[in-house]
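Following the hints, position chain B against chain A.
Residue-level listing of the chains:
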Amino acid sequence: GAGVSQTPSNKVTEKGKYVELRCDPISGHTALYWYRQSLGQGPEFLIYFQGTGAADDSGLPNDRFFAVRPEGSVSTLKIQRTERGDSAVYLCASSFGTDRYNEQFFGPGTRLTVL
Amino acid sequence: AQKITQTQPGMFVQEKEAVTLDCTYDTSDQSYGLFWYKQPSSGEMIFLIYQGSYDEQNATEGRYSLNFQKARKSANLVISASQLGDSAMYFCAMREASNTGKLIFGQGTTLQVKP
Numbered sequence: 001g002a003g004v005s006q007t008p009s010n011k012v013t014e015k016g017k018y019v020e021l022r023c024d025p026i027s028g029h030t031a032l033y034w035y036r037q038s039l040g041q042g043p044e045f046l047i048y049f050q051g052t053g054a055a056d057d058s059g060l061p062n063d064r065f066f067a068v069r070p071e072g073s074v075s076t077l078k079i080q081r082t083e084r085g086d087s088a089v090y091l092c093a094s095s096f097g098t099d100r101y102n103e104q105f106f107g108p109g110t111r112l113t114v115l
Numbered sequence: 001a002q003k004i005t006q007t008q009p010g011m012f013v014q015e016k017e018a019v020t021l022d023c024t025y026d027t028s029d030q031s032y033g034l035f036w037y038k039q040p041s042s043g044e045m046i047f048l049i050y051q052g053s054y055d056e057q058n059a060t061e062g063r064y065s066l067n068f069q070k071a072r073k074s075a076n077l078v079i080s081a082s083q084l085g086d087s088a089m090y091f092c093a094m095r096e097a098s099n100t101g102k103l104i105f106g107q108g109t110t111l112q113v114k115p
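Protein sequence lines correspond, in order, to chains A and B. For what it's worth, this note's numbering labels the leading residue of the first sequence as 1, then goes sequentially. For what it's worth, this note's numbering labels the leading residue of the second sequence as 1, then goes sequentially.
Extracted from the complex, chain B is given alone in its bound form:
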């Protein structure tokens, strides 16, 4: 069964440093997509980055990059040069091509950026 696991309930990082948020997934599909969303305290879900299962290169979007290791079924989010505004809840999610497109979310990781 499809599943997303985020093992870090909370993380701290110093401003301007890089941080890695872990995500592992389980699926029997060959075609799937992996997403990271940010949810600030205001509650909205903000899309950050996408990685397709067939993409050979790791996805990057500005300060966000995705460390995709398909054999290990991991899709870790790397945030470089952390900013105070990065403090939020971060969710990893998966979408299987065979499964109506619904997103399966992990439990989330709370990131706090220290000044």
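Chain A with its partners taken away, still in its complex shape:
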């Protein structure tokens, strides 16, 4: 079946602009996660959705970052007034559940470059 998909694969924007990054999880997966990976680092957790609600947004760096999942499937990560420090690969993952043994399946990521 289809895996996790993310669009766009690459996004180049100018400082101060608004961007939206989309994630389409595996069908039937209720849990959805966003991570951010800076060059040479491990992914860092941003936000987690269970169904439509954000169950944990403790990883969002500041109020310029916001994410939604209105119908419990596709999610959009929104970044306002982008800064050069926001440049990174944004990874989305989904899983069937949130138990410790539930594998998270990752999408290919969106590489965001803020000029």
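It should be emphasised that the hints constitute simulated quantities derived from the structure, not laboratory data. Since we're looking at a predicted model, the values are computed, not measured. Careful, some of the hints might be misleading.
[As the list claims (entries may be wrong)] Computed footprint of chain B on chain A; a stretch qualifies when at least three of its residues, placed anywhere within it, have a C-beta under 8 Å from a C-beta of chain B:
#	stretch
1	29–42
2	87–96
[Said to hold, decoys possible] Incomplete in silico selection of chain A near chain B, CB under 7 Å:
#	residue
3	45
4	54
5	56
6	65
7	66
8	103
9	106
10	108
11	109
Heads up, the beta-carbon is just placed ideally off N, CA and C, and yes, glycines get one too.
Then chain B, alone, in the frame of chain A:
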């Protein structure tokens, strides 16, 4: 606080030989899961192997095995019979049962397999 430490930024191994990638973790939870992911230069995160905190036997998946030493809080990945296609970044990650299921990643180890 939960933390994953990978102390080897880079490793080399000769093709067909075995290699061990180190991972130590810190958690106060009794119930947790440990994961290893592979990230080739193409960027996708590929799940390799899982070990649960209550599992008595070390996990194995093909050429991958996990040397789980709970008392030492270590979960080292062993790759046997290395292949050129194993060259990639490897991440150790932990998921706590009490913590919404988000993954905490280490800094990663870059593995290069020499022909």
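Against the structure, the hints come out as follows:
no. : hint  : verdict
1   : 29–42 : holds (count 6)
2   : 87–96 : holds (count 4)
3   : 45    : 4 Å, holds
4   : 54    : 10 Å, violated
5   : 56    : 4 Å, holds
6   : 65    : 16 Å, violated
7   : 66    : 18 Å, violated
8   : 103   : 5 Å, holds
9   : 106   : 4 Å, holds
10  : 108   : 5 Å, holds
11  : 109   : 5 Å, holds
Comparing the model with each earlier hint shows violations of hints 4, 6 and 7; every other hint is respected.
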